[in-house]
Amino acid sequence: MKVVPVGRARSYLPEFAVLVTLVAAPIALPYLGFSTDLLTRVLNWGLIGLGFDILFGLTGLLSFGQAAFYGVGGFVTAYLLVSGALNSVWLALAAGTAAAGFAGLVVGWLAVRRIGIYFTMITLAFGQMAYFMENSPLSDYTGGENGIPGVPVPVLGFGEHAIRISAGLPMYTLFAVIFFAGYVLARRIVGSPVGAVLLAIKENTGRVAMLGHNVPAYKLTAFVIAALYAGLAGGLLGSFQSYMPPDAFALETSGQLVVQTIVGGAGTLVGPLVGAAVWMWLRDNLQLVPGLATLWKLVLGLAFIVLVIGLRRGICGEIAHWWSERRNYAALRAAEAATQAIEATGERIVKPSVRRARDVMLPLPSPAIGASDIALDVRALARHYGGLKAVDGVSFKVMRGSIHAVIGPNGAGKSTLFKMLLDEISPSSGDVLLFGAKVTGSGVSHAAQFGIAKSNQLNQLFPNLSVRQNLRIAALGRRRGPLRLDLLRPADSLPEVEEQVGSVLALLDLVGRADTPAHILAYGEKRRLEIGMALATSPNVLLLDEPLAGMSPAERAATCALIRDIARACTIVIVEHDLDAIFELAERITVLYEGRLLADGSPEEIRRNQRVQDAYLGGLHAHESA
Amino acid sequence: MKFDRRQLLLGAGAAAGLMLPRPTAFAQSPSGIGTFPDGVSADSVFVGLTIPLTGVFSGDGGDLKLGYELAIAQINAGGDVAQKWGLKGKGILGRQIRHKVSDTEGKPNLDVQSATQFIQRDKAIMLSGSVSSASAIALEELGSREKVLYMVGIAGSNDVTGKNCQRYGFRSQQNAYMAAKALAPVVAKALGKNIKTAFLVPDYTYGHTVYDSFAKFSKEQGWQQVGKEVVPLGTTDYSSALLNIANSGADVFVNIAFGADAVASTKQAEQFGVLKRMKLVVPNLSSFQDKELGAEIMQGVYGSCDFWWGLQDRNALAKTFVETFVAQNKYYPRWGAHVGYLQSYLWAMSVERAGTFNPVEVIKTMEGSKAQPYDTTIGKVYFRAEDHQMVRSIPILRGKAPSAMKNPEDFYDIVDLVDGESVMNPPDLFGCKLGPYS
Amino acid sequence: MPSWPALLSQAFNGLALGALLALVSSGLTIILGTLGVLNFAHGALFAVGAYAVFVILQYTQSFVLALVIGCGFMLLLGFLLERIIIRLFYNRPHEDQILVTYGVGIVLVECIRAAFGGNAQRVPTPSWGQGATQLGFLIYPTYRLQLIAIIAMLLLSLYLVLYRTSMGLVVRAGIENPGMVGILGINLRRTFLLVFAIGVVAVGLAGMLYAPVVAVTPDMGANFMAQSFVVIVLGGLGSFPGAVIGGLIAGEIISLTSAFNSSYSEVMLYALMALLLVLRPQGLFGSEGRV
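Residue numbers (numbering that gives the first Met the number 0), protein chains in the order written: chain A, 0 to 625; chain U, 0 to 437; chain W, 0 to 290.
Hints listed in this document are in silico derivations from the structure and should not be mistaken for laboratory results. Where is the CB? At the ideal position from N, CA and C, for every residue including glycine. Misleading hints may appear alongside valid ones.
[Unchecked claim] A few chain W positions that, by computed beta-carbon distances, are all more than 12 Å from chain U:
1) Leu-20
2) Gly-35
3) Tyr-58
4) Ile-83
5) Glu-109
6) Thr-124
7) Leu-137
8) Tyr-162
9) Gly-178
10) Val-212
11) Pro-217
12) Pro-240
13) Leu-247
14) Leu-255
15) Leu-271
[Unchecked claim] If you want a taste of the chain U side facing chain A, the calculated C-beta under 10 Å gives, among others:
16) Asp-102
17) Glu-104
18) Leu-109
19) Asp-110
20) Gln-116
21) Ala-137
22) Leu-141
23) Arg-144
24) Thr-204
25) Thr-319
26) Thr-323
27) Val-325
28) Gln-327
Kindly produce the complete structure, drawing on both the sequences and the hints.
Laid out in structure tokens, this is it:
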């Protein structure tokens, strides 16, 4: 997937290209067998596709129920016009679109709680129920399987001088204008902070939640956007052909949308348009081939299979990929070379001069906290899995501003404990207080908004986004709160966020790699980025889960220095296996063994503790052999 | 160039007009409307056919297509078959008919899409096709908007010439009201008056209108309804509905399901023993359900449809239709093919009578056909001016026992040929308001 | 409120309907569970089975023989499909898998239509299944009763294969954790091939058995496939016992709903599926962690 280009030099090339294509199409394409009517229909599919691509291509949610919103928008519009309730086609279109959006809100609210194939199945179920409603109980309004004929075409102007938009070129122009406007809007949404979050959700949903974003709410936003586009397209269909067909609601309509999007290329916004053009052109023109009369669908099916096998990213996707590969070729090769160099020597390319303690500058303020000295109060935290007690009644306190370590042999329950600290998993009993406020039960996103962030043991990055973009998602979470619908501003237009990103980049020594896709980074750099992302949320308490894992000695030393720097700005809790580093870093150590608290005290106390030594060396006397 | 052609056209038209019986004087028709006269070249006109060749209606669609193509070939050839219909020379008014068939998969939206292509790209002077009332309604509407004549294909719902009637749409098949009113007395006479009926109704507007009509007329015959099962369209398993029907105590089972649904439901009715205890009545027989179910199941079944090839014994034009069709396609035509065949000839005859392809003139000719009915495969027919429904005789059929079949496709006896005039609905009963001519 | 005999007869009918759904869905669910592929060609394969038995019955009178030969044909078809197309998609995202099976479905249906036309073909009820049986107050077609028994046996043999053979063990392990099975050195590819073929045979058999009951048209499988999606959600994605129980429950829902109001019988299934997905997405037997 190509790296989404964001930044001051945001190119308007795609908008321009689309505009040129829209203008040229009715002139050039008829020679290829496209009639104006067909082009208009392709645009209609393209319009639904814009919304659908935001839902599926950008956010990664595959819906098989878009037909429901297409139909709702279409039939509400058609019914209002045909029954005489509204005279203006434009008003009816607005009403239909709004109705579709509302339906999207309801269905989406239920659907986004689930992921993957379950989400898809819910949308399929609702799509089928909507189809049934149209056909049966509501058939007095919808005309049942006959649909609603006689929908008037839109009219420009008022009174006697009103211009009816007739079929052919005028209608095409209307659709082209609406599509272009929809495209520009969609581009803005994709480039906005909301779009950045949606893209991150597709890359790594769990991480986005941990950074403070309300993931279900964002997914719902994408869902409603898709429903709105579909509803508008539905209303336009009825008006364009003066007939609102019942098969707008059919499962096959949803299916055709998915097929066209993937053939054209998901994630490109114009993929659905191109896919529709290809599909409908094939459909129309295969039938004209003599001898293929009833076999055209067979040929289409075969062609389709070949397309799916051959084009992994769809037509536009492949083109975009090739384009960005060529443009960024030099930069990508250089980045990869740098990575190889780093990993070969095991050192950073840039050797730091004398290391001196730095002040960590985080322009984004941390959340307001109480005056309490106790940063984290862990109270009788326990987590059972059936009979297995992963964590069993652990209590300890982390003091404000300290570096507190949690150690213990494998299987002691450290990771589980950590996850409960920021409510990534719910405890079976007990709770956690952050500066006196209860974190347990509020969910990871809220925990992040309260000011507790975690760097994970296994890197949870957004692999296809650049380092800068990774950090930006983190900073956006805290700056904007759990949900903010700023759909129109560019993602990089918040000055404090950009400052925050810049500071963290400098701190991590990753400035030179700012625009490199994260998956290209060397392992050590990835670990630093992982820490950096947690840091970019301006936490009050930073949890580090095995930050030194997999690092070379030089890297370890550098990371420890970094941790010390950070500790001057916030409280740190570390889980680590490298006891040398821990005894040097930590001010206080908690030892876990088999889910229970074994010891809790200063490094000296722990070092001298006999039971701790026994635990590490091979089990306490009272313990049954494993 | 074009100018000269047009003068030729007018000259030819005038000459042809002089030879035909004088039409009544009409109000001034527009000289250019819809695809007229652009779609009429010196030697040909284009007819667009939107027919489902794939999808659930593909069986009927295939039959329909062959009917059109046979008629068009005969008209173009101008041989003695065309002459028997009263057409002069090759083609219509000297023009050959070009045609294209577009597969609509049975979806009304694709009907509209393809028909629009035919109008815009090919300048079709006439549209036809459709194997469902939904498609017919959508196409009528399109035709009236674009001012292109649409001859309805297979469509039995009352709405087509009822609340959705259009100035530019003409239907030849009997509507549900006519079919029911014709069928009920015949069946009552055969089966008796004190009959209890159970209905199987597919849940869509076509199914409901057929039910409404037949329920009304069977009640008038003294029949009593004891069961009504409404099933979703496209149901494959009818066991739930059939169990209820089996237990209803009915004497007659009225099956309104159509197409593949008719086949599945009847097959299963037989398996559930429903057909042993009850007589089966099918108000609108599906084209191929005879062959798909077989004579053992279909024997004794009463029903009605647009045409049965057995009519060849009673009508010369029907005989030529059936013979030429069998020669061409190696099977006996069903009523889908007949609809296509008949509508094509009706249009051709109307154009020649009007002396022009101008749709307004042709429409007016067809509307005035009561005074001068057409001679067709089913006798004399005319289009009613108020709603464009054809007034025509309606065959009532009864399934033959397997032993009585003279050839593998001899499934029905023609019990009666009910006169159309007597079963017509009042024109405004279904709310028909025809639109303007232009 | 329908009478007790009516309700009871519908409940019994639901069993017959449910048996068929169980067979169709079990094929779908083991393919999904093991290969991770949601097979959108399932409906088309149902139709292929029905047409296969139609063709074979032109050459033989014995329905049982036709079933056996038909199974062989479906097995071969399953092998070919997996070898040529499906295996290219194991590492591709879910959407691509759905799409390619959707394409295969279209091709299969159109091939049938091209070969046989769109009208329904007649497959007669086998001679040992003709007529109806009196079950107390209920008269039920004999063939359908036999179907319940036949399908029960088939599901039982499938169960035995999955739960009592070592190959079945590998399949079930593959459903739980395909990566691990591969690491253990077991030839996963061969297992996938076999599972896909078995799934195809199961749905093909359902088509063959049902051919005497419904209209044999190229599009006959679409409705069953849509319903089987609901069943596998109900039972838990990837769970064979779930597909069986889920199928029976779905059959009962359709039948019992139609005792009250036939037109709502199918939409009830979708409403149930939506409800289940919102409240308990893992269904009856699915594992919780997979959500």
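Here is what the structure says about each hint:
1. Leu-20: violated (10 Å)
2. Gly-35: holds (29 Å)
3. Tyr-58: Answer for Tyr-58 (chain W): holds, closest chain U Cβ roughly 20 Å.
4. Ile-83: holds (24 Å)
5. Glu-109: violated (7 Å)
6. Thr-124: violated (7 Å)
7. Leu-137: Its Cβ does come within 12 Å of chain U, the nearest being 8 Å, so this is violated.
8. Tyr-162: Its Cβ never comes within 12 Å of chain U, the nearest being 30 Å, so this holds.
9. Gly-178: Gly-178 (chain W) is indeed farther than 12 Å from all Cβ atoms of chain U, at 40 Å.
10. Val-212: Incorrect as stated: the minimum Cβ-Cβ distance to chain U is 6 Å, not above 12 Å.
11. Pro-217: Its Cβ does come within 12 Å of chain U, the nearest being 8 Å, so this is violated.
12. Pro-240: holds (24 Å)
13. Leu-247: Nearest chain U Cβ is 15 Å from Leu-247 (chain W), so the label holds.
14. Leu-255: violated (9 Å)
15. Leu-271: holds (16 Å)
16. Asp-102: holds (6 Å)
17. Glu-104: Glu-104 (chain U) check passes; min Cβ-Cβ to chain A is 8 Å, inside 10 Å.
18. Leu-109: OK, holds: Leu-109 (chain U) within 10 Å of chain A, min 8 Å.
19. Asp-110: Interface hint status for Asp-110 (chain U): holds (9 Å vs cutoff 10 Å).
20. Gln-116: Nearest chain A Cβ about 6 Å off; hint holds.
21. Ala-137: holds (5 Å)
22. Leu-141: Because about 7 Å separates Leu-141 (chain U) from the closest Cβ in chain A, which is inside the 10 Å limit, the hint holds.
23. Arg-144: holds (6 Å)
24. Thr-204: At about 4 Å, which falls below the 10 Å cut-off, the nearest Cβ of chain A leaves the hint on Thr-204 (chain U) intact, so it holds.
25. Thr-319: violated (26 Å)
26. Thr-323: violated (21 Å)
27. Val-325: violated (21 Å)
28. Gln-327: violated (16 Å)
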